[in-house]
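Visitor: Kindly produce the complete structure, drawing on both the sequences and the hints.
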Amino acid sequence: MDLFLQQVINGIMVGSVYSLVALGLTIIYGILGVPNFAHGSLYMLGAYFSFLLVTAGGVNYWLAIIISMAALTVIGMVIERIVFRPLVNAPHLNSFIAAIGLIYVIDNVALIVWGPDFKRFPPLYDQLYHFLGVTITLHRIIIVITAVVLIVLLELFIKKTTIGSAIEATAQDRVGARLSGINVTRVDMWTLGLGTSLAAAAGALIGPILLVYPAMGGAVTLKAFVIIILGGMGSIPGAILGGFILGLIESIGGAYLTTNYHEVLAFGLLVTVLAIKPTGLFGKAH
Amino acid sequence: MNTSPLRPGFLIPAAIILMAVVAPLLSENRYLHHLMIMACVWGIAATALNLVMGYAGQVNLAHGAFFGIGAYTSGLLMLKLGIGFWIALPLACLTAALFGLLIGMPSLRTKGAYFAIGTLCFNVIVTVIIDRWENLTEGQRGLLGIPPPSAIPLPYGLTVRFDNNMVATYYLFLIMLLLTLFVTRRIVISLMGKDFRAVKGNEELAASIGINPFRTKLIAFVTSTFFAGLAGGLYASYIGFLSPDISDFHVTFEVLIQVMFGGIGTMAGPIIGATILPVISETLHALAAYRMVAYGIMLIAVIIFLPTGIMGGLKIVWTKCITRK
Amino acid sequence: MLFQTMGLTKSFGGLTAVNDLSFGIEEGQIVSVIGPNGAGKSTVFNLVTGVHRPTAGRIELMGRSITGLKPYQVARQGIARTFQSTTVFGQDTVFENLAIGHRLRTDSGLFGALLVSGRERGDRKKSMAKAEELLSFLDLEHYRDEAAGNIPQEAQKRLSVGIALATEPKLLLLDEPTGGVNLEEDDSLIRIIQKIKASGVTICLIEHKMKMVMGISDRVVVLSYGSKIAEGDPQSVSRNENVIEAYLGPGYAAKD
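Residue numbers (numbering that gives the first Met the number 0), protein chains in the order written: chain C, 0 to 285; chain H, 0 to 324; chain A, 0 to 255.
Accuracy of the hints is not assured; some may be wrong.
Here chain H is said to cover these stretches of chain A; the calculated rule only asks that three of the stretch's residues, wherever they fall, bring their Cβ under 8 Å from a Cβ of chain H [what the hints assert, rightly or not]:
(1) 61 to 71
(2) 80 to 90
(3) 119 to 125
(4) 155 to 165
A few chain H residues facing chain A, derived, Cβ under 7 Å [stated by the list, open to error]:
(5) Leu173
(6) Ser207
(7) Asn211
Calculated directly from the structure, the hints in this document are not laboratory data. No residue lacks a Cβ here, since even glycine has one placed at the ideal position from N, Cα and C.
Guide: Structure representation (structure tokens):
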């Protein structure tokens, strides 16, 4: 029972990180209609930026996260402007390939600049807590809380700010939004910035637990796609719920089922769901 | 319609094939021979992907998996069951096609991004299985010592040997490539090819005129995987060594980029991409990560400014020349 | 009776789009389905052509049930359609569009492709002949080698009718054929519809332009909120109180 509970807690922690990544991705997909395959690379950059700010800059961890998010917001906006905007009228395949190109560029620049070795954050919130037979570090609790806070902030941002409501309007009806005077191209840019900042936050939060290395974005990207397909592409609740569910499935499944293939639980789950319901769990035909 | 043997549509491919046949005899450079052999392998893989993607419009991201399945099937049949190359190779193609059927049937009910991501997941699953099922595939240790094609006896007591004979290997692979191109072209210009095009153009409209979209896509998919398996089987016998990486999604992306770079939806495009890109790759290999950055930038530039690839670019130049006259 | 529906019903979640619809079409007729927006007309076409599965009811063509068949199967049974938003193969020439429409009357498959059988060649000739025939029938000859996506909207409409005709259907469903087309062009489409009828194809059309419908239809079926509220020849339908009320609102029916 202890093991189970431990896995549940772990799953919730991993799940909250997945949720943030998937959230960023689903917003981007919902507005731009493009699956941003480079999303994981931006998550990786978020991890690196905060790592550098903390270790080389001596900056407070939380400040580092905020600065990281801001930096990645800008990077995301630049990417939209330079890479995705020229492709807005081209077939989706072209944006997909451009994203692959981005992955090659970003991941290898990281490799060149920071080297392939795994970076380790200094100890931050390592206090251990024991309850109900489970051991947990403070950092893991903080991850979950921060993720929830960010999700709430995102909701507030979308509902209460001008930019946020422009984004929501564009997501619901792009043509209608344009007709009511919203600059849809700008919205695209802000959206990519916003989605990317969430990925950056996720990377910064998980960095101290997993190590930081240039290839860390790879598996996360595909899993994030699995989540948003299962949860419904463009659906915010779907991404959040899907993230937690996947985290739990991986932790619990990994412990109890064969560990040899637990990596592919996510992918196996996706192909199974799509085989049964080709439009995804909550999706309408897209 | 100009059907004279001197028309450009016939002359240009004939000239190129002639050059391809003569090329290895012009130089003793082993490295050059190696590049030419690999160009054939990737040419088959890229043509196969182009069939399902460029002509039938389905973005299949599991292509590397079928390449790997073909390679491993051929290698394992030869190493563990002692089956000869000339039997193992067709079996490898059929196995890849069988998996194409198994994976295609559930996948092709999905569309667009779902199909792309779903097939990509299949690719990852296959790679992981090859990697972990050590009893079968030797996993990370890799499959070593795969024999080259067995010798072919000829009249008058001559034989064609392939071990350590790059020129003979090249000619064999070239024949396989030409075969692949021949079959692909036959399909493309046939009524079945028109079905592919209709489904790619507008699936709903195609269905409304009696074309079965699912069956059409499945045929394209399975044919494509058959030839991906062929490329893999040839690769196994040439390189002699396999690791799970050759079914990796990186292989899928490489072939995808070759097709896009050369010109998707054309016959020559995949060949151009399969010939040029690996050369660029190898040339810049020493620069490792810098090469990949350059590669990525080039990819983005090409897809933004020349999405129809080299062939598309050539067509634009050609049209400009003609309209200027 | 060439075609009929019996108790045809379709619900999406809580919304009933088509409710217990029964009507028939005799061979050689032109039957129009009309009704205010949201009446469920396009849904009926989608049910007949297999795009949606009916929640209940039966659809018959020449006495045989085609309920629940997939779109490509319905086409093969002999029902062809056009779409409300004009649908053509934009990247292909007008000629090729018409030729591919004839595909279902040919049989060649994968092995035909590989062996370049004589049958392949014969099939291709048949399709090309059909395309020629339709080019002149629909007055599209001078667009013959243009990309279908580049020709004027009205010509595209004619082309989409041509693609449907190339399947040699028994029943042709036209979904708002004059949608987005101006009044002069209306006439040429009306002439085409009459030509099609004269060639022996039965036609069912969805329309909202009353004048056109009354002019060419043999029978009219009127839908409102998914239910049939009137059926009959154009004269009696246009005087029907329920019909007037459905279109113009209550209070108009009293006047004539």
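Visitor: Decide, hint by hint, whether the structure agrees.
Guide: For each hint, the structure was consulted:
Remark: the segment 61 to 71 of chain A is confirmed as covered by chain H, as 3 of its residues place a Cβ nearer than 8 Å to a Cβ of that chain, reaching the required three. Closer than 8 Å: that is the beta-carbon criterion, and the segment 80 to 90 of chain A has 7 residues meeting it against chain H, so the requirement of 3 holds. Counting residues of the segment 119 to 125 of chain A whose CB lies closer than 8 Å to any CB of chain H gives 3, so the stated coverage by that chain holds, three being the minimum. Counting residues of the segment 155 to 165 of chain A whose CB falls under 8 Å from any CB of chain H gives 3; the rule of at least 3 is met.
For H:Leu173, the suggested interface contact is broken, since its CB lies about 21 Å from the closest CB of chain A, more than 7 Å. Proximity of H:Ser207 to chain A holds as hinted, the smallest CB-CB distance being about 6 Å (cut-off 7 Å). Taking 7 Å as the C-beta cut-off, the interface hint given for H:Asn211 holds, the closest approach to chain A being about 5 Å.
Hint compliance for this structure: hint 5 alone is broken.
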